[in-house]
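Chains as they are written, first to last, in this note's numbering: chain E, 1 to 52; chain S, 53 to 868.
Since the hints were derived computationally from the structure, they do not count as laboratory data.
In this text, a Cβ means the ideal position worked out from N, Cα and C, and glycines have one as well.
Treat the hints loosely; a few may be bogus.
[Stated by the list, open to error] Computed footprint of chain E on chain S; a stretch qualifies when at least three of its residues, placed anywhere within it, have a C-beta under 8 Å from a C-beta of chain E: (1) 640 to 652; (2) 790 to 804.
[Said to hold, decoys possible] Under the rule of at most 30 Å between Cα atoms (straight-line distance), these lysine-lysine pairs were calculated in the DSSO-like manner: (3) S/K263 <-> S/K312; (4) S/K864 <-> S/K627; (5) S/K141 <-> S/K288; (6) E/K45 <-> S/K595; (7) E/K45 <-> S/K481; (8) S/K488 <-> S/K532; (9) S/K434 <-> S/K417; (10) S/K159 <-> S/K54; (11) S/K581 <-> S/K481; (12) S/K433 <-> S/K340; (13) E/K45 <-> S/K570; (14) E/K45 <-> S/K672; (15) S/K85 <-> E/K45; (16) S/K672 <-> S/K224; (17) S/K141 <-> S/K187; (18) S/K746 <-> E/K45; (19) S/K488 <-> S/K746; (20) E/K45 <-> S/K417.
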Amino acid sequence: MRYICANCGYVYDPAVGDPMNAIPPGTAFADLPDNWVCPLCYADKSNFDPLD
Amino acid sequence: MKPSVASLYQAVEIAQDIPPLLIGERSNTNGSKRFRDCLLAEDFDGCLRIGLEQEAQGAQILDLCSAYAGRDETADLTRLVKLYAESVKIPIMIDSTTPTCIEACLKLYPGRCIINSINLEDGGRTLDKVCRLAKKYGAAVVALTINEQGMAMTADEKVATARQIYELAVGKYGLRPQDILFDPLTFTIGAGDENLLDAAIQTLEGIRRIKQELPGVFTVLGLSNISFGLPPAARKILNSVFLHEAVEQGLDAAIIDPGKILPLAQISEEDRAFCFDLIYNRDQGLDKSPLMRFIDHFAERVEVDEADETQEKRPEEALHQKIVRGDKDGIEDILAALLDRYPPLEIVNQILVPAMRHVGELFGKGELLLPFVLQSAEAMKKSVAWLEPHMQKVDQEEGTKVLLATVQGDVHDIGKNLVDILLSNNGYKVFNIGIKVPAETIIAKARELTVNIIGLSGLLVKSAIVMQESLPQYREAGLKMPILLGGAALTSEFVATSCVPNYDAPVVYCADAFAGLKALKDYEAGQLKSTVAAPKNGQPRMKPGVKDVNIDRSHPVPEPPFYGLRHVTDIDPAKLFPYVNEQALFRGRWGYRRTASSSAEDYLELTRTTVMPLYEDLKKRALAEGLLQPKAAYGYFRCYSEGNTLYVESDDEVMPFDFPRQSSPPYLCIADYYRTREEGGDIAAFFVVTIGDKIAVETRRLFEADAYHDYLMLHGFSVEVTDALAEYWHEVMRRELGIAVEKPADMTGYVTQGYQGSRYGFGYPACPDLDAHKMLFKLLEPEAIGVTLTETMEMVPEVSTSAIIAHHPQAKYFAV
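Isolated chain E (complex conformation) (with noise of 0.2 Å):
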């Protein structure tokens, strides 16, 4: 399930990971670190509402 960052519309993709805080290809939402940030504007995890 892809996530969407609510403050500037950055989609997480699990399937993609997150290369700028180096999070591998096919890491979950859920299992993102508790300190893992939006890579484009900062916003916590809070802040990201489930896409599809």
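Here the structure of chain E is known, so what remains is to put chain S in place on it, guided by the hints.
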């Protein structure tokens, strides 16, 4: 021969003897969860079954849509088209906006189908491709009345857009009028939106006039939008009556769930009368709105689990429900009835305040969205205002008193004002003393008004520092009341470690307005405590960013069109809308987020029926009333870097812009993206843009008029249009520099910086210090476009933004 579409097995006339032509809507990934689940499970037989069921229920054509993010639309849709072509007797409608996908399906289909749909949203680029395909394969097309300005709301706009499309499709691409089915768009009349009271009338009139003014064309409607927001049983009846009315005006086809339409004969005269009043917005000289009468009338029709909507509710419950639903209509009648039984203060404390607390709880559980909370607050405000003349003065002296201020140097007040709205409508006495308030003033006011709590707000990084550094002043002044801190740049860690030790009474971090409300409750219960740093796995927040440190020194420096500054004051505001980050606006600014209990389809429907019409309306209003006055001050200057400093050369002086460097790898600094003097120097580009003070004035007016919901909407809109202007102007400058080779295809492309270079806003993570504004204002003289600085270097009006633009391809966002 009469205009028809056809499958391998049969032809179906578009103009039915007994209209309308029924187009089944359930074989659609966006409209049907069951269909989507089948597709995701690769259960194509299941997908086919949904089509066969609709055929059995009376559908004459089947809409087929497989668009779903992350899947290959063309692969899915061609597979489904093949399957449906073989096994379903009735023709299909290809529901896609991707020309390549449409063509792949048209090639396969052994008959004549309809393409759903074309519009002019992108100015006609997609329409051009799809019309050529329709001509080539002999297909019919559905055309939505949407153009670059957005969705057509009024009959005039619907007809004008239809005519625009007609002229292209018929005049330019050679389609026949009978090849086009115009959909003049349906918006809900079931949600109580003031701007949509006549939406049904406009749609019906649009149908009539399109048929009259564009002879030979057909009309179609996505029907069920009309009743969004109402209970299922009532929706079925309203949909059916509205369909009947639309057919009367000349509607040829309807996209519907064929199992959920009733023949008019099965609907009683009485039921129809309530539907007609709602559809035609007839008040019948009654106080209650047509919508409220409609809801009351059909209340008994709802399912057992919603049975609390009966008419014989006690007034106590009715008032509670009005507040929770944010429904102001007829609230005075209920209050008058209650006033016979209770003193006014008891109504406030026993019914209204608990109802607002319930609203807060629903929000906390993610079951209620912020815009609806604000509507509840408006209903609360209206109730209290109605009760106030009946109250004795002494009543108002009771209760906890709160002082609210945005700290010195900061002009941002949406956060503080949301706290004000929430607290004052939860029974607290709030003194909101405004923006840019120096600590001395706050201290003096807190003493004078003998408040119990102080709340400080501020958006900027700088404001967090102001809070931290002014707390000792509060201590030395001898204040003993708790202080609440809120703002985007604060974290609980910062408050706990840098603020709490500077003051003797509790200092509490509030992440949002609801946290402020909770703090007040804790205070009253004698349980308010200072924020403590929660050791979240002991990990500091991650610092995202490029890890690439070898910045190519040989990248060519582009040639600017001029050196020095220019002011541009004739920017067309309508050009900004395509650059608006709608996701950030809808979810972030407005709070229309997907709640825990809603599905992707629910959210889509909320967007389509509530959020988009709101947005469209705001765009129209902003243009019609001249609320947007976009202006830019910008320029190109010779420069060179040296260490962390970028030396910018203007006519008479060299200005040193110092940029911070990251304290951990890869140790980036904005200056790194520019060549040194030895490397031949570089060019620096800057801008200050603003959408003007007029919209800020209107925003303030809405807050002062207690129009909380509209206030939040207009404020969010103005902030995101300001960002859109920055995005737009950045693109103009990339074009002027000759580095805008290709435009990003969509908003996601802009969000992820899918262009050459980067734009760093002053005050943002890569250059948080606003002091650079002093030099920037010397360079660009933005006073000429109405932008000035506060004593802490913040721009006024708030709807302004500034940036330095780096052209180097490796320049992207990072944080120091």
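Worksheet item: Has the given pair, E/K45 with S/K672, been kept, meaning a C-alpha gap of at most 30 Å?
Response: The hint is violated at about 35 Å.
Discussion item. Tell me if the straight-line CA distance from S/K85 to E/K45 falls inside 30 Å.
Written reply: holds (27 Å)
Worksheet item: Are the Cα atoms of S/K672 and S/K224 separated by 30 Å or less?
Response: Since the Cα atoms of S/K672 and S/K224 sit roughly 29 Å apart, the hinted pair holds (cutoff 30 Å).
Discussion item. Taking 8 Å as the Cβ threshold, is the statement that the segment 790 to 804 of chain S is covered by chain E upheld or broken by the three-residue rule?
Written reply: holds (count 4)
Worksheet item: Between S/K141 and S/K187, does the CA-CA distance stay at or below 30 Å?
Response: holds (24 Å)
Worksheet item: Quick one, are S/K434 and S/K417 close enough, alpha carbons at most 30 Å?
Response: holds (26 Å)
Discussion item. Holds or violated: S/K433 and S/K340, Cα atoms, limit 30 Å.
Written reply: The hint holds at about 20 Å.
Fill in: Proposed proximity, S/K481 with S/K581 (alpha carbon, max 30 Å)
holds (21 Å)
Worksheet item: Going straight from one Cα to the other, do S/K488 and S/K532 come out at no more than 30 Å?
Response: Answer holds: S/K488 to S/K532 is near 23 Å, not above 30 Å.
Worksheet entry | Annotated coverage of the segment 640 to 652 of chain S by chain E, confirmed only when three residues or more have a Cβ within 8 Å | Check passed, 4 qualifying residues.
Fill in: S/K746 paired with E/K45 [C-alpha distance capped at 30 Å]
Not satisfied, since the Cα-Cα distance of roughly 36 Å exceeds 30 Å.
Worksheet item: Does S/K54 lie within 30 Å of S/K159 when you go C-alpha to C-alpha?
Response: holds (24 Å)
Of the numbered hints given earlier, the model fails hints 7, 14, 18; all others are met.
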